[in-house]
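**Q** The residues making up each chain are set out below.
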Amino acid sequence: MKKVVLALAAVVGLAATGAQAQNYPTRPITMIVPFAAGGPTDVIARIVSDHMSRTLGQQIVIENVAGAGGTTGITRAAQSQPDGYTIMMGHMGTHGAAPALYPNLKYDPTKDFAPIGVAAGTPIVIVARKDFPANDLKGFLDYVKTNGDKVNMAHAGVGSVSHSTGIFFNSVVKVKPTMVAYRGTGPALNDLMGNTVDFMTDQIVNVAPQIQGNNIKAYAIATPERSPVLPNVPTTKEAGLEGYEVSAWNAVFAPKGTPPDVVKKLSDALIKSLEDENTKKRLLDLGGVLPTASERTPEGLQKLVESEVARWTPVLKAAGATAE
Amino acid sequence: MGDFFSNLSLGFGVALSLQNLGLAFLGCLVGTLIGVLPGVGPIATIAMLLPITFGLDPVGALIMLAGIYYGAQYGGSTTAILVNIPGEATSVVTALDGHQMARQGRAGVALGIAAIGSFFAGTVATLVIAALGAPLTGLALVFGPTEYFSLMVMGLVFAVVLARGSILKAIAMILVGVLLSTVGTDLETGEERMTFGLPFLADGIDFAVLAMGIFGIAEIMRNLDHTEHRDVVRQAIGRLLPNKDDFRQSYKPVLRGTFIGAILGILPGNGAVLGPFASYTLEKKLAKDPRRFGRGAIEGVAGPESANNAGAQTSFIPLLTLGIPPNAVMALMVGAMTIHGIIPGPQVMTKNPTLFWGMIASMWVGNLMLLIINLPLVGMWVRLLKVPYRLMFPAILMFCAIGIYSINSLPTDVMFIGLFGFVGYVLIKFGFEPAPMLLGFVLGKLMEENLRRALIISRGSMETFIERPISAGLLAVAAILLVIALLPSIRKGRDEVFTE
Chain A
318 MKKVVLALAA
328 VVGLAATGAQ
338 AQNYPTRPIT
348 MIVPFAAGGP
358 TDVIARIVSD
368 HMSRTLGQQI
378 VIENVAGAGG
388 TTGITRAAQS
398 QPDGYTIMMG
408 HMGTHGAAPA
418 LYPNLKYDPT
428 KDFAPIGVAA
438 GTPIVIVARK
448 DFPANDLKGF
458 LDYVKTNGDK
468 VNMAHAGVGS
478 VSHSTGIFFN
488 SVVKVKPTMV
498 AYRGTGPALN
508 DLMGNTVDFM
518 TDQIVNVAPQ
528 IQGNNIKAYA
538 IATPERSPVL
548 PNVPTTKEAG
558 LEGYEVSAWN
568 AVFAPKGTPP
578 DVVKKLSDAL
588 IKSLEDENTK
598 KRLLDLGGVL
608 PTASERTPEG
618 LQKLVESEVA
628 RWTPVLKAAG
638 ATAE
Chain B
80 MGDFFSNLSL
90 GFGVALSLQN
100 LGLAFLGCLV
110 GTLIGVLPGV
120 GPIATIAMLL
130 PITFGLDPVG
140 ALIMLAGIYY
150 GAQYGGSTTA
160 ILVNIPGEAT
170 SVVTALDGHQ
180 MARQGRAGVA
190 LGIAAIGSFF
200 AGTVATLVIA
210 ALGAPLTGLA
220 LVFGPTEYFS
230 LMVMGLVFAV
240 VLARGSILKA
250 IAMILVGVLL
260 STVGTDLETG
270 EERMTFGLPF
280 LADGIDFAVL
290 AMGIFGIAEI
300 MRNLDHTEHR
310 DVVRQAIGRL
320 LPNKDDFRQS
330 YKPVLRGTFI
340 GAILGILPGN
350 GAVLGPFASY
360 TLEKKLAKDP
370 RRFGRGAIEG
380 VAGPESANNA
390 GAQTSFIPLL
400 TLGIPPNAVM
410 ALMVGAMTIH
420 GIIPGPQVMT
430 KNPTLFWGMI
440 ASMWVGNLML
450 LIINLPLVGM
460 WVRLLKVPYR
470 LMFPAILMFC
480 AIGIYSINSL
490 PTDVMFIGLF
500 GFVGYVLIKF
510 GFEPAPMLLG
520 FVLGKLMEEN
530 LRRALIISRG
540 SMETFIERPI
550 SAGLLAVAAI
560 LLVIALLPSI
570 RKGRDEVFTE
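Residue numbers (this note's numbering), protein chains in the order written: chain A, 318 to 641; chain B, 80 to 579.
In short, the hints are calculated from the structure, not lab data. Predicted model only: the values in this text are computed from it and were never measured. Just so you know, even glycine gets a beta-carbon here, dropped at the ideal spot from N, CA and C. Careful, some of the hints might be misleading.
[Unchecked claim] Chain A side only, calculated, beta carbon under 8 Å to chain B, not exhaustive:
1. Val382
2. Asn469
3. Asn532
Please model the entire structure based on the sequences and the hints provided.
**A** Here it is in structure tokens:
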């Protein structure tokens, strides 16, 4: 059905391209979120698109197309009609780590998109089970280095944020803990709290409540500044770990070939949304980090994607991580 | 104890406000109506309806979403009973005897007992959550991969032990189910297994696709080839509600089902799916005449439906007390809470007591709403069966296609229900039962992943399964069940758990 609608839209679009773009948007916009409803990316997409809808005067409808670490949804969105009526929420995994993880990836994050802007990032926190025998990051790093593969590291499956950032951690610290895979963050956290596994790296949204509730302990947050949500958790730099700064960013993209004035309208709406007090508060409450002024622009996002692909590819390739 | 009552009264104060009552009602109604669509289970329904709660305050929004959840869950059972299409794993069991009852003109009784059993289970589960929620949380944490694997082994032994007739066929079907569950990307290594390079198989086969094909579509094909059976469902409508006899037969199964379901519901990683299966197995084992099962035994609906609903409620415990979602639906609830500015976690109880206790009280209110909505709807659903089958089946097919597409927005899913439907039809023709296969499919994935996880953590030592007391206990129960099954004298009394 959607295909038919899209095909019709394409025909209509060809007939009146100029007028179409000027009046854009004249009907609801679909935002493809490549993960299941309820996850961090989905939540951020819903918060940001809520205000964008009001600016654009048309509803942005979230469509969750999950699968293969988010690449299923992004592939579909990348191949859709570039008329501004299908946009997507990509993230660190789909537009940074994916080229290394999926050799048969059907899109190139740096070339096949019209970037709109970064919506929000969620910092990565290094967490361990409550009774782990180390009280600060330094002690933790020493322990992991000494005990090698006797330490169990949990992650939420190949291609997940906790997996990529975990491998990155291992390569920065030069350790090889035993990796234990879970299907999603929930079960992994459950076993971390049950003392079955030792540590993991994950997004602040997922772990902050457990840290505040003293169910797990946090050694450091991998951002340049501390988070207001976890004021007592030092940054990796403060705690003496250089080179491990990572945040799971989420950003809005349109398919390549989307008319520039449509991109402009979307970009303006995103920037306006991020300036809205209510949107800001909701994102910050999650522990989210608002993008810098330049990251909010299409050019800034393009730069970010290029640097992220360059950062992740060697790290993941060296670890032999692949999802195919 | 004083705390208990003051907490509950705080909760009811919130849940019984006019606005929240209305939201609970609306949620249950919408959930029921959408959940009735074949294949549209609670996850799809909540995801679809999430945006409409944006304008509400968090408590109201969550009460409404929880209502949608129970509603959709219950709606799924309605579809299972009426047209033999289980929308999710937990309603597979309901389809077994529920649909047989419908064929015998007792659809109303089946729907009625399902509603009443669910209400009772929901009431008990609400009290359990309010009184024991916090202490029970520990149970979820004790269950690591090792315990989980042993639990799954026990689950599979249930199916084998109670399979009658051709035990070989039952085992074969379970193994096929386990095999199907291994399709997709390997969790530990990220390698693709048995996907033939097809991208839509990379994430494995969706349960709803398999169940809808093998049950629903196969059922339609079978109905179409048996002309004499074609209109059997609409022949006699019979009573709409259960009578005294039905209640006498059902109350014990309801009690036992509630107990089993409530405990399994707390377990992480979808432990609740075992609830209805365990309840069905137990009822059949206890029954004087186990042969009635699979031929429209009311106990086979009452017990599992109660277990299902009790589990659905108690699976809120890890979410509310820890902020850890035990299954996909609860993960969605986490998202809903976060969108409304409440990050679920251990602090919710102290930081947002009105939300916490309001939610709990609203569970009971929601269950009551469900009863109020569904008892009158029973008549409507049953009348639906009077529609001639030649008009009915194209509609069912269409709704199946729409429903399955709405879950993942994948056209291949729609094609797959056709394929599985054909396979299911062939299986029925050769006397193989699809239910053990579905159980194998559901448990297979959990079993494999937890086995590997447990062995990775134990560094390959199998002893871990015996060293840990809970795991050892579960394995012992499984072993005893197996031995009983293999003793020839008892074997004669064995009857199949899954009968078409």
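**Q** Return the status of the interface hint for A/Asn532: holds when the least beta-carbon distance to chain B is below 8 Å, violated otherwise.
**A** 6 Å, holds
**Q** Close enough to count: is the Cβ of A/Asn469 nearer than 8 Å to one in chain B?
**A** Since the shortest Cβ distance to chain B is 6 Å, the answer is holds.
**Q** Does the nearest C-beta of chain B fall within a distance shorter than 8 Å of the C-beta of A/Val382?
**A** 5 Å, holds
Hint check: no violations occur; every hint is consistent with the structure.
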